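Asks: Spelled out from the first residue to the last, the chains are:
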Amino acid sequence: MSTYSNQCAIVGVGENQRSRKSGTTPLHMALTAARNALADAGLEAKDLDGIMNYSTGGDSCPSHELATYLGCHPKYVKDVSGGGSSTELLIADAVALIEAGMLETVLIYRSMNGSSGVQVGRGYDPNMLQEMLPGGSFIMPYGSASPSQWFGMFANRHMHETGITKEHLGHVCISFYEHAQRNPNAFLNGKPLDMETYLATPDISMPFNIHDCCVELDEANAIIVTSASNAKNCKSKPVFIAGMAPRTTHSQVHYWTQVDEVAADHAAADLYKSAGVKPEDIQVASIYDCFSWVVLRQLESYGFAKRGEVGDFVAAGNLKLGGSLPSNTAGGMLSEGYTHGMNNVLELVRQLRHDYKGTERQVKDCELGIATGWAGPDIAGAMILRN
Amino acid sequence: MTKQTAYEKPIPLKTPDNHEYWDAADRHELKLQKCSACSTFIHPPGPACPTCGSPETEWELLGSDISATVYSYIVSYRPFLPGFQHELPTVITVAALDAAPDVKIMANIIECDPGDVEIGMPLKMTWVDITDDRALPQWVLARG
Ligand SMILES: [Zn+2]
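Quick mapping for you: the protein sequence lines, in order, are chains B and Y.
Following this note's numbering, the numbering of the first sequence begins with 1 at its first residue and continues without gaps.
Following this note's numbering, the numbering of the second sequence begins with 1001 at its first residue and continues without gaps.
Just so you know, these hints were derived from the structure itself, not from any lab.
Here the structure is a predicted model, which means the values were calculated and not measured.
Any given hint could be a false lead.
As a list, the in silico DSSO-like pairs of lysine-lysine whose alpha-carbon atoms are at most 30 Å apart [as the list claims (entries may be wrong)]:
#, chain 1, residue 1, chain 2, residue 2
1, B, Lys320, B, Lys75
2, Y, Lys1034, B, Lys306
3, Y, Lys1034, Y, Lys1104
4, B, Lys166, Y, Lys1104
5, B, Lys273, B, Lys306
6, B, Lys273, B, Lys320
Far from chain B, by Cβ distances over 10 Å, these chain Y residues were calculated [claimed, not checked]:
#, residue
7, Cys1035
8, Leu1061
9, Val1140
Think of the CB as a built atom: it goes at the ideal place given N, C-alpha and C, for glycine as much as any other residue.
All chains should be modelled from the sequences, with the hints used to inform the complete structure.
Replies: Rendered as structure tokens:
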């Protein structure tokens, strides 16, 4: 039995101006994003009765502080440690609390000085990781501190098993960079990428060069979820939450031992069941793209291409506007910006509202979209949205 | 003029859960934690068995003649931690033990040309003395 029968909707999205150096605090950026999301929904801060946020290593600001300076006193605040898939999982929490009758309207945000402050791509603090995780002392002494190294290790194995090539990774990057050229707010707008340039770029952590890695910036995003009945009172066109699935698999965080089976494989079956739809029904996608390869592995997980055929699927242009699965249409984390997945969800909402109608950026008449989150092979969370 | 200086890289942190592994490494031996209830090896070591949840665990000495196979690897061209700037590119592998393929031990493949490494290659464990009293398990390509 499904608990996601379109009973809740996303009614507001907002962000601040992304940059390499914000010159301000995550709290200031989160306030801008939250005010923009409220304005988008036509709501006021006093209408919020829940505020939630996720962060990594204390790089954000607490929900209570955000509430304080929005000038409101919500019933419920929650701050979790998270990353990829936390957007989806906090939306799931909001839906559950709304359906339980505890809350009516929840704002969820992610705010980070990901470029000028804590930049995870440069590597985690070795002492912190050794002390926090049982696996930490088994990776740090060998120089493995950056997600590009952790994900690269499993990308190489998966590519070896399935015949995915460096050029296939390049097709993911080029597709998303192409979208960024139509999005004036994408950080890499004005910096198109072709295959020749991509292949000539030296690797950082094999098989990844700089284009395969997300663009780490200072930015904040916010999303407002409310009940379907309250959505009628909002200014925006509601985007309903039609399905949701979380999942963990592997035993360790960052000490993974295989990539044959990943959390996303299991989340997929639950996700489609919860929404009562199939992969072929999906018209637009937001696929977690901290690294190019992560997109390819998830296309396999969520049933958009068969194992062994994913490379051909992206080489045929299916991720581009006009393809069978237009994905990360604002440029994705590879070329728009990086807020641990949330910016991709903002774009999915805007596509499903047809905000770009009449421009070449709109996925024409789309009604059903998927957002996938990936913290690693070990943790996934995904949702299906419909207008 | 270069001079041997103090070891700059992170030194494995011994904890109540893992010190048996690192103590054995200091003696140039491999010792693995094993679940007393379901007999599964536990690596990295921890407070209980991730397979069955049992807190009853024991340690098994595998000795100093350890062979494995490259499950996957990366060539890392940038130093993300202190000390690695001197040894670029760095090869990092996850290797499956021949004696217990579900156990994968991450380490560098040292003394190799990164271009020679392939998935499926045989490896042998070696131990590098990094300080007066600590040694670090590493992999080398198996010869012959
Ligand atoms: Zn057990």
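Asks: Indicate, hint by hint, whether the structure satisfies it.
Replies: Going down the list of hints, with the structure as the test:
no.: 1; hint: Lys320(B) - Lys75(B); verdict: violated (43 Å)
no.: 2; hint: Lys1034(Y) - Lys306(B); verdict: violated (37 Å)
no.: 3; hint: Lys1034(Y) - Lys1104(Y); verdict: holds (14 Å)
no.: 4; hint: Lys166(B) - Lys1104(Y); verdict: holds (26 Å)
no.: 5; hint: Lys273(B) - Lys306(B); verdict: holds (19 Å)
no.: 6; hint: Lys273(B) - Lys320(B); verdict: holds (27 Å)
no.: 7; hint: Cys1035; verdict: holds (12 Å)
no.: 8; hint: Leu1061; verdict: holds (18 Å)
no.: 9; hint: Val1140; verdict: holds (14 Å)
Of the numbered hints given earlier, the model fails hints 1 and 2; all others are met.
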